[in-house]
Amino acid sequence: MSTAPRFRDKILPVATILVAIVVLWYGAAAWLNAPFERDTAARAGTTIALTDLLKNTMAQERPVLPAPHQVFAELWDTTVNKPITSKRSLVYHAWVTLSATLLGFAIGTVLGILLAIGIVHNRAMDRSLMPWVIASQTVPILAVAPMIIVVLNAIGLSGLLPKALISTYLSFFPIVVGMVKGLRSPEQIQLDLMRTYDASAAQVLTKLRWPAAMPYLFTSLKVAIAISLVGAIVGELPTGAVAGLGARLLAGSYYGQTVQIWSALFMAAGLAAVLVLVVGMLHAMVLKRMGARP
Amino acid sequence: MTPSPASVVSARKLGLTFATADGPVTALTGVDLEIAKGDFVSFIGPSGCGKTTFLRVIADLERPTEGTITVNGTTPEDARKNRSYGYVFQAAALYPWRTIEDNIALPLEIMGTPKEERKKRIERVLALVNLTGFGRKFPWQLSGGMQQRASIARALAFDADLLLMDEPFGALDEIVRDHLNEQLLKLWAQTDKTICFVTHSIPEAVYLSTKIVVMSPRPGRVTDVITSTLPKERPLGIRETPEFLEIASRVRDGLRAGHSYDE
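Each protein sequence line maps, in turn, to chains A and B. With our numbering applied, the first sequence covers 1 to 294. With our numbering applied, the second sequence covers 1 to 263.
Treat the hints loosely; a few may be bogus.
As the list claims (entries may be wrong) - FRET-style restraints, in silico, Cβ to Cβ:
{"#": "1", "chain 1": "A", "residue 1": "285", "chain 2": "B", "residue 2": "119", "range": "23 to 29 Å"}
{"#": "2", "chain 1": "A", "residue 1": "8", "chain 2": "B", "residue 2": "136", "range": "53 to 59 Å"}
{"#": "3", "chain 1": "A", "residue 1": "132", "chain 2": "B", "residue 2": "17", "range": "36 to 42 Å"}
{"#": "4", "chain 1": "A", "residue 1": "158", "chain 2": "B", "residue 2": "77", "range": "53 to 59 Å"}
{"#": "5", "chain 1": "B", "residue 1": "140", "chain 2": "A", "residue 2": "82", "range": "24 to 30 Å"}
Said to hold, decoys possible - Sample of chain A residues with no beta-carbon within 10 Å of chain B, all distances over it, derived:
{"#": "6", "residue": "51"}
{"#": "7", "residue": "83"}
{"#": "8", "residue": "126"}
{"#": "9", "residue": "194"}
{"#": "10", "residue": "199"}
{"#": "11", "residue": "230"}
{"#": "12", "residue": "237"}
{"#": "13", "residue": "238"}
{"#": "14", "residue": "265"}
{"#": "15", "residue": "270"}
{"#": "16", "residue": "275"}
{"#": "17", "residue": "284"}
To be verified - Reference listing, derived: stretches of chain A covered by chain B, where coverage requires no fewer than 3 residues with Cβ under 8 Å from a Cβ of chain B:
{"#": "18", "segment": "182 to 193"}
{"#": "19", "segment": "205 to 211"}
Note that these hints are calculated values from the structure, not bench results. All C-beta atoms, glycine included, are put in the ideal place defined by N, C-alpha and C.
If we strip away everything but chain A, and leave its shape as in the complex, we get:
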């Protein structure tokens, strides 16, 4: 394979979109930040030339929309230039959120898988549990989050776990739904085969249902890890957390630090992308070991 098709098919389209976004972003930043500059000039009784206007909109301290280079300068400053133990380091805040995300995701995955196994094997659980599982997701998490934190605090649980449980609350759902479908995915003929061997339910689960559910599990995991991160951030927002990307967003909005908000948002998006990528790589590895057609 030559590099030319790769450039044309993969890099060029992505780069084109990226350039378009950056151009639009600069345009929007100039447009949205210009009124402030005109007001300042009017108050001083002067008029401002267009070139100065444009230059100033790109370098405000608290812009309505920060320019891309401002966001990336802030990202660089708070990740590379600060020691990661510092409260001003974005890496520190990202780690706080990430640890809650991963713990919540792990609990949610185990819970989701156990519920799915129960639902598939027990008719009563199938009938009674699924409506509750679905109903749980119709409750707005932003309303539930403070209550979870308060209730858990009352019984002496604070810190990482309450936040993680909000991640769990969101992430177990796609796992349950995906795994119920996956565990039920074997064909009748494959199940009949197990019956001719007089296999126990546990053997059917480990040797047939579980491996058959793997593609479903990984699809669910990709959704679950992303919303786990959302859960951890949401868990930080209404609870007065002092550390974490959510706390950073909240502090930014209190003090009008839009550059800080945007850099925290970019950090969160980058984190989500990396997490989904890692799950995707695990997926590919497991499929390869399971003899999937290349």
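Guided by the hints, dock chain B onto chain A, whose structure is given.
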């Protein structure tokens, strides 16, 4: 009544009626049949005649609603729990995430065969179906005929005396099918198993069987049982002999008698 000791399958006035949304459907009625040890029995008939259903009753995959049936002298359920038969389905039904040898190991794992013994048996049955050297391949790397042979090896792995085969070569082309039929006969001669074989091909049934059960639909029933006069040694060329053609024509007559083509 008690079945004779040599009888592997013994059915008396067997019937099965499915309850469906459109009302009861009689899949089988009044089936009387004796299958002796070492027999190669073919079940032939048009679709809907209950041949697959009868095989599934033997395997305890369906429960009869009338009459009695014994397998190896016990109920089909006990026979299944004793692992006394191997079942080959219409499709190979290999588990795609297992290699061929791991697929063959599946029943052995479930039955708790030790690892060393598993290895020996896998080698032996792979040789029986001419797949030596293909154990490490995944199912998708094999042709349809090879996959079906692997599924036969899987059914042979735990050494059950009874082999139930439900149109195992139905989806394969004629040339592969001839080849597999020849191999199946060799395997039958080598292992001395009792084989029940469902098919809708007259030449296949006559070529393979010592006993041909002709069935007809609506309701599914046995219309004729033909005992083959062909010798046990059967080269492919036997299919052009007058004796072969005579049996084939008797099967065809049986199928015609039981089936109204005006429907």
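Right, here's what the structure says about each hint:
A beta carbon spacing of about 27 Å between residue 285 of chain A and residue 119 of chain B agrees with the range 23 to 29 Å that was offered as a hint. The hinted range of 53 to 59 Å is not satisfied by residue 8 of chain A and residue 136 of chain B, whose Cβ atoms lie roughly 39 Å apart. At about 39 Å, the beta-carbon gap between residue 132 of chain A and residue 17 of chain B stays in the expected band of 36 to 42 Å. Range check, residue 158 of chain A to residue 77 of chain B: Cβ separation about 57 Å, and the 53 to 59 Å hint holds.
Look at residue 140 of chain B against residue 82 of chain A: about 52 Å separates their beta carbons, and that is not inside 24 to 30 Å. Non-interface call for residue 51 of chain A relative to chain B: holds, since the shortest CB-CB distance, roughly 65 Å, exceeds 10 Å. With a least CB separation of 47 Å from chain B, residue 83 of chain A remains clear of the 10 Å interface cut-off, as annotated. The beta carbon of residue 126 of chain A is kept farther than 10 Å from every beta carbon of chain B, the shortest such distance being approximately 22 Å.
Residue 194 of chain A, annotated as away from the interface, has a beta carbon of chain B within 10 Å; the closest lies near 8 Å. A Cβ of chain B approaches the Cβ of residue 199 of chain A within 10 Å, the least distance being about 5 Å, so the stated non-interface status is violated. For residue 230 of chain A, the condition that its CB be more than 10 Å from all CB atoms of chain B holds, with the nearest at approximately 33 Å. The Cβ of residue 237 of chain A sits about 43 Å from the closest Cβ of chain B, beyond the 10 Å cut-off, so the non-interface label holds.
The claim that residue 238 of chain A is not at the interface with chain B holds, since no C-beta of that chain comes within 10 Å of its own (minimum 45 Å). With a cut of 10 Å on Cβ distances, residue 265 of chain A stays outside the contact zone with chain B, its closest approach being about 40 Å. With a least CB separation of 34 Å from chain B, residue 270 of chain A remains clear of the 10 Å interface cut-off, as annotated. Interface exclusion of residue 275 of chain A from chain B stands, the closest Cβ pair being 26 Å apart, more than 10 Å.
The claim that residue 284 of chain A is not at the interface with chain B holds, since no C-beta of that chain comes within 10 Å of its own (minimum 15 Å). Taking a C-beta to C-beta cut-off of 8 Å, the segment 182 to 193 of chain A contributes 5 residues in contact with chain B, enough for the three needed, and the coverage statement holds. Under a criterion of three residues with beta carbons nearer than 8 Å to beta carbons of chain B, the stated coverage of the segment 205 to 211 of chain A is upheld, 3 such residues being counted.
Hint compliance for this structure: hints 2, 5, 9, 10 are broken, all remaining hints hold.
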